[in-house]
Amino acid sequence: MVLVVGLLITFLAWRYTRDNIATTTQNQFKAEVNEIEYALTRRIKTYSNILYALQGLFAASVSVDRQEWSPFVKTARIADYPDISYVGYIEVVRNDNKAEFTEKFRNDISTYAGGYPNLFIYPEGDRNEYAVVKYIDPENTESINVLGFDVYSSPERKAAFDSARDTNQPVATQLISLATDNSSGFLIAAPVYENGASINTPEERNIAIRGFVVIAFKTTDLFADAFPAGSHPAVSFALYDGNQVLYTNGDEQIRNSIHAHPYAATKTLTIGTRTWDLEVVSESRFANSFSKGTLPLVVGFGGIVISVLFFSIIYSFGQRTNQLIQLQSTALEATANGVMITDTSGIILWVNAAFTHLTGYEAAEIIGRPARMLKSSMHGREFYLKLWNTITAGKTWTGELTNKRKDGSLYQEEQMITPVKDQRGNITHFVAIKQDVSLRKETQEKILSTNKELEDSKKAMANVLDDLNTEKEKLEQEYVKDEAIFSAIGEGLIVTDQTGKILMVNHAFERLLGWKKSEVIGKDMVEIIPKYDENGTLILKENRSLTKILAGSDIKENTSTLAVTHYYVRHDGTRLPIMGIVTPILLNNQIVGAVQVFHDVTSELEVNRMKDEFLNIAAHDLRTPSAAVRGFISRVLDGDAGEISGKAKDLLQSAYEGNKRLIRLVDDFLMVSRIERGKIIVEPKPGKLEATIEKAVSEMAGLAKENDLYLKYDPVTLPNVLIDEERIIELLINLIGNAIKFTSNGGITVTHEVTPDTVITHVTDTGIGISATAQKQLFKKYFKVSSQEIAQSGLGLGLYISKLIMDGHGGKIWANSEEGKGATFSFSLSVTK
Amino acid sequence: MAKILLIEDDKLIIKLYTGKLIDEGFEVVSAENGPVGLQMARKHKPNLILLDILMPGGLHGLSVLDILKKDQELQSIPVIILTNLDSQKMIALLKGASEYIIKANTDPSEIISLIKKHLKS
Chain D
0 MVLVVGLLIT
10 FLAWRYTRDN
20 IATTTQNQFK
30 AEVNEIEYAL
40 TRRIKTYSNI
50 LYALQGLFAA
60 SVSVDRQEWS
70 PFVKTARIAD
80 YPDISYVGYI
90 EVVRNDNKAE
100 FTEKFRNDIS
110 TYAGGYPNLF
120 IYPEGDRNEY
130 AVVKYIDPEN
140 TESINVLGFD
150 VYSSPERKAA
160 FDSARDTNQP
170 VATQLISLAT
180 DNSSGFLIAA
190 PVYENGASIN
200 TPEERNIAIR
210 GFVVIAFKTT
220 DLFADAFPAG
230 SHPAVSFALY
240 DGNQVLYTNG
250 DEQIRNSIHA
260 HPYAATKTLT
270 IGTRTWDLEV
280 VSESRFANSF
290 SKGTLPLVVG
300 FGGIVISVLF
310 FSIIYSFGQR
320 TNQLIQLQST
330 ALEATANGVM
340 ITDTSGIILW
350 VNAAFTHLTG
360 YEAAEIIGRP
370 ARMLKSSMHG
380 REFYLKLWNT
390 ITAGKTWTGE
400 LTNKRKDGSL
410 YQEEQMITPV
420 KDQRGNITHF
430 VAIKQDVSLR
440 KETQEKILST
450 NKELEDSKKA
460 MANVLDDLNT
470 EKEKLEQEYV
480 KDEAIFSAIG
490 EGLIVTDQTG
500 KILMVNHAFE
510 RLLGWKKSEV
520 IGKDMVEIIP
530 KYDENGTLIL
540 KENRSLTKIL
550 AGSDIKENTS
560 TLAVTHYYVR
570 HDGTRLPIMG
580 IVTPILLNNQ
590 IVGAVQVFHD
600 VTSELEVNRM
610 KDEFLNIAAH
620 DLRTPSAAVR
630 GFISRVLDGD
640 AGEISGKAKD
650 LLQSAYEGNK
660 RLIRLVDDFL
670 MVSRIERGKI
680 IVEPKPGKLE
690 ATIEKAVSEM
700 AGLAKENDLY
710 LKYDPVTLPN
720 VLIDEERIIE
730 LLINLIGNAI
740 KFTSNGGITV
750 THEVTPDTVI
760 THVTDTGIGI
770 SATAQKQLFK
780 KYFKVSSQEI
790 AQSGLGLGLY
800 ISKLIMDGHG
810 GKIWANSEEG
820 KGATFSFSLS
830 VTK
Chain Y
0 MAKILLIEDD
10 KLIIKLYTGK
20 LIDEGFEVVS
30 AENGPVGLQM
40 ARKHKPNLIL
50 LDILMPGGLH
60 GLSVLDILKK
70 DQELQSIPVI
80 ILTNLDSQKM
90 IALLKGASEY
100 IIKANTDPSE
110 IISLIKKHLK
120 S
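Taken in order, these protein sequences are the chains called D and Y. Under numbering that gives the first Met the number 0, the first residue of the first sequence carries the number 0, and numbering increases by one thereafter. Under numbering that gives the first Met the number 0, the first residue of the second sequence carries the number 0, and numbering increases by one thereafter.
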């Protein structure tokens with residue numbers, strides 16, 4: 000039983016875990032893809048923001064000169080981003096301004112006392128328009144050579160720059176060889192237009208273009224930063240620009256083999272008009288190798304972007320306090336982040352376009368209104384009080400908060416509010432820079448929820464494992480117990496699997512059959528242990544009870560009992576008499592094996608043999624004197640000793656009958672003993688019941704007549720029944736004999752009742768009947784109707800023998816009677832099919 | 000006058016059957032065990048032999064039957080098994096016994112009828 004339960008639990012656990020692994024694996028893969036995508040998109044967004052900040056610088060200045068550029072870039076530490084190689088400014092130069100531009104450049108002494116005396120626009124030659132690298136940071140021996148390079152001369156670059164110019168957004172080039180050191184990389188460029196120019200259409204932008212702010216990347220640096228070594232070991236992914244591989248963490252052939260992987264995802268990233276394809280695949284076995292703790296990378300990222308941006312604005316304020324109006328209309332307008340300027344009481348003085356985009360409020364409808372209009376009900380009074388106290392104390396407040404749009408919907412923003420002070424140090428304004436973090440939040444939440452799903456799945460699996468461990472421990476304990484029981488059991492025990500291979504045997508098995516456990520495990524039970532029947536005939540494999548049980552063809556309440564003695568062959572070839580029970584092991588109604596218990600019946604056989612011998616001797620020795628008594632009385636009654644008187648004859652007759660009953664009793668004992676032990680086998684064969692009854696009736700007719708009783712039987716044609724004729728005659732003689740004994744008037748009638756399956760025979764008498772209590776006892780061994788005072792009883796074993804005979808036929812025998820009103824004994828035989 | 004050999008160890012039974020057979024006009028010789036029975040059979044050449052199965056002296060009635068039925072001179076003599084064992088009927092008949100009688104279930108008069116039947120044939 001323990002074995003079955005153990006198997007069942009293991010199976011259920013396996014199925015549960017398998018289902019969970021499927022979900023978990025899918026979720027893990029999704030999370031993995033999200034993280035990779037986010038690592039890229041957040042960078043793209045950062046670069047865009049940096050470019051916006053640089054645009055702001057130019058927007059704030061009529062002509063950004065090197066004196067402004069260098070400190071700006073250096074102080075903002077833009078070049079500190081590990082993945083950014085260079086930041087630069089490229090100025091668009093018309094051919095007619097070429098000489099003037101070159102001259103001015105050469106004489107720029109803000110960095111070097113000698114200026115750039117050797118500078119020229121290269122590649123050389125006259126073109127309509129040039130886009131010349133004017134500033135580059137960091138400016139070093141490698142990068143300085145790039146100054147004067149006309150990026151328009153490179154078609155790949157020009158395509159991206161034109162696109163940036165026409166769309167007024169940052170655009171990446173395709174993969175190029177960088178002009179600084181020929182390493183593989185790309186540029187992201189954002190346009191800078193003439194201040195105050197109209198830039199609503201591509202045409203206007205084409206006219207208003209003044210230059211580009213540019214970030215240069217080496218792919219190795221960029222992806223080394225985005226995907227540190229070993230960061231996504233469980234997946235293979237590649238980033239494509241068209242057909243060009245920008246990056247891959249392994250197999251460049253992912254695109255060709257994407258359908259061959261159980262898990263695959265394709266994402267498209269855009270940088271202005273440029274698109275990159277991210278393709279991620281994984282094998283199904285990756286579940287265990289996931290990296291953890293990617294979340295901290297994501298959280299807290301927004302701060303960097305804002306600080307860059309904020310620096311640019313504060314810088315502009317500091318440098319250009321006298322140009323506030325211009326700042327408002329240009330630098331801040333250009334940024335992608337919402338900017339709001341309030342007075343010290345929180346009344347909104349100015350907002351930019353991004354603010355409108357973010358909140359839904361047009362500048363005209365919000366200016367002059369209090370900033371608290373944006374408040375949502377998501378934060379308590381404490382929250383706002385703390386914010387207000389921070390900024391009125393002259394400090395910068397940064398944090399995330401939920402605000403309310405014009406349409407009432409809520410959004411999340413990261414906000415930095417900085418007080419602006421006048422020269423005396425008094426706060427004059429507050430500048431709030433807002434970044435919509437909904438997208439980031441969304442991604443973050445996606446990752447969080449995916450991670451939560453992961454955690455849940457892991458927890459569920461952990462719980463299952465815990466349960467399994469507990470069950471395993473229990474099983475192990477049970478196993479030890481079972482082992483002890485198996486070992487201690489005196490009966491031989493064999494457990495086989497569903498194919499009949501031996502899984503387990505006990506000590507008794509080893510002792511009884513002479514096989515070592517190790518010699519038989521895994522062997523075919525039927526082959527290694529041949530079995531012979533009582534007559535010494537080998538039992539073929541298909542007839543072995545184990546074979547039948549495993550085939551499911553012989554299941555009677557899960558157990559098959561072999562009542563007959565068979566012989567197992569020992570290891571040494573000798574035979575062991577056994578009686579065995581084979582029980583199938585069922586799991587979900589499937590037979591998964593069988594347990595055989597066998598009992599060594601050597602001693603039983605010996606006892607039986609002795610009992611047999613004793614009974615034979617006893618019967619013989621009892622019969623012999625009885626035979627003598629019978630013979631001598633018989634002779635006297637026959638008149639061999641001369642004529643005897645009527646009275647003497649009567650007395651001798653009684654003695655003769657009494658002796659006969661004694662003999663009958665001995666006969667019955669022998670009969671019972673032999674039937675019970677299978678010495679007399681009841682063998683029903685198809686036959687004619689009516690003929691058998693006629694024989695029995697004719698045999699008993701004399702006795703009935705002697706007792707002045709009728710014995711009636713009208714033969715009818717009956718269907719063939721399964722019948723052991725000799726035994727049924729015995730049974731009928733028994734029943735009719737009893738009926739005669741207990742009937743003094745009337746007689747006995749034998750009748751039939753035919754049902755579709757059986758023929759029932761009734762032996763009905765008109766005798767004294769049987770009490771209800773006695774009826775229940777009738778067919779038990781040694782029962783004798785106690786109320787009978789009539790000396791001629793001898794009922795003892797007759798009905799019990801009759802019952803044994805009916806058992807051998809698979810039929811029934813029963814009695815119906817009412818005391819004083821006669822009795823009917825009935826038995827049923829099966830109709831031959 | 001027909002001669003009957005009774006091979007039987009029980010004195011009461013010997014008395015019973017000898018008396019009856021003599022009363023019926025048969026000549027009777029008897030032996031109390033198998034070996035003696037065989038000697039008597041060879042010596043007297045009886046017309047019929049009544050043979051018990053369980054007897055002292057080591058030689059089982061069925062062994063006696065075997066020897067009788069293999070003996071050229073004796074094999075034609077009908078043998079009626081008179082016993083109180085009912086387990087040996089089949090084998091005794093196979094070995095050539097003419098009848099198998101359970102003494103306790105048979106009256107002497109019935110045995111006489113059987114003897115007469117076999118002597119006729």
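Hints were generated in silico from the structure; no laboratory data involved. Be a bit skeptical, because a hint or two may be false.
Just so you have them, the derived chain D footprint on chain Y, three or more residues with Cβ under 8 Å [stated by the list, open to error]:
| no. | stretch |
| --- | --- |
| 1 | 16-22 |
| 2 | 26-37 |
| 3 | 84-90 |
| 4 | 99-112 |
Within a straight-line C-alpha distance of at most 25 Å, the following computed SDA-like cross-link-like pairs (lysine to any residue) qualify [claimed, not checked]:
| no. | chain 1 | residue 1 | chain 2 | residue 2 |
| --- | --- | --- | --- | --- |
| 5 | D | K704 | Y | D106 |
| 6 | Y | K14 | D | K694 |
| 7 | D | K648 | Y | Y99 |
| 8 | Y | K69 | Y | D22 |
| 9 | Y | K10 | D | S633 |
| 10 | Y | K2 | D | G638 |
| 11 | Y | K88 | D | A617 |
| 12 | D | K648 | Y | K88 |
| 13 | Y | K116 | Y | G56 |
| 14 | D | K711 | D | G736 |
| 15 | D | K97 | D | N205 |
| 16 | D | K694 | Y | D8 |
All residues carry an ideal CB built from backbone N, CA and C; glycine is no exception.
Outcome of the hint check:
1. For the stretch 16-22 of chain Y, the stated coverage by chain D holds: 4 residues have a C-beta nearer than 8 Å to a C-beta of that chain, and at least 3 were required.
2. Figure legend: the stretch 26-37 of chain Y, annotated as covered by chain D; annotation inconsistent (0 residues with Cβ-Cβ distances under 8 Å, at least 3 required).
3. Interface restraint, the stretch 84-90 of chain Y with chain D: holds (3 residues with C-beta to C-beta distance below 8 Å; minimum three).
4. Only residues whose beta carbon comes within less than 8 Å of a beta carbon in chain D count, and the stretch 99-112 of chain Y has 8; three or more means the coverage holds.
5. Taken as a hint, the D:K704 and Y:D106 pair is honoured in the structure, with Cα atoms around 21 Å apart against an allowance of 25 Å.
6. Proposed proximity of Y:K14 and D:K694 is contradicted: the alpha carbons are some 37 Å apart, above 25 Å.
7. With a C-alpha separation of about 30 Å, the suggested pair D:K648 and Y:Y99 falls outside the 25 Å cut-off, and the hint is violated.
8. In summary, the hint linking Y:K69 to Y:D22 is not supported, as the alpha carbons are separated by about 32 Å, beyond the 25 Å threshold.
9. Restraint check: the Cα-Cα separation between Y:K10 and D:S633 comes to about 18 Å, which is no more than 25 Å; the hinted pair holds.
10. Annotation: proposed proximity of Y:K2 to D:G638 holds, straight-line Cα distance about 24 Å (limit 25 Å).
11. A C-alpha spacing of about 18 Å is found between Y:K88 and D:A617, which places the hinted pair at or below 25 Å, so the restraint holds.
12. For a cut-off of 25 Å, the pair hint linking D:K648 to Y:K88 is broken: about 34 Å separates their Cα positions.
13. Annotation: proposed proximity of Y:K116 to Y:G56 is violated, straight-line Cα distance about 31 Å (limit 25 Å).
14. Between D:K711 and D:G736, the direct Cα distance comes to roughly 14 Å. Compliance with the 25 Å bound is thereby established for this hinted pair.
15. Proposed proximity of D:K97 and D:N205 is supported: the alpha carbons are some 18 Å apart, at most 25 Å.
16. With a C-alpha separation of about 37 Å, the suggested pairing of D:K694 with Y:D8 is violated against the 25 Å cut-off.
The structure fails hints 2, 6, 7, 8, 12, 13 and 16 (numbered hints given earlier, in ascending order).
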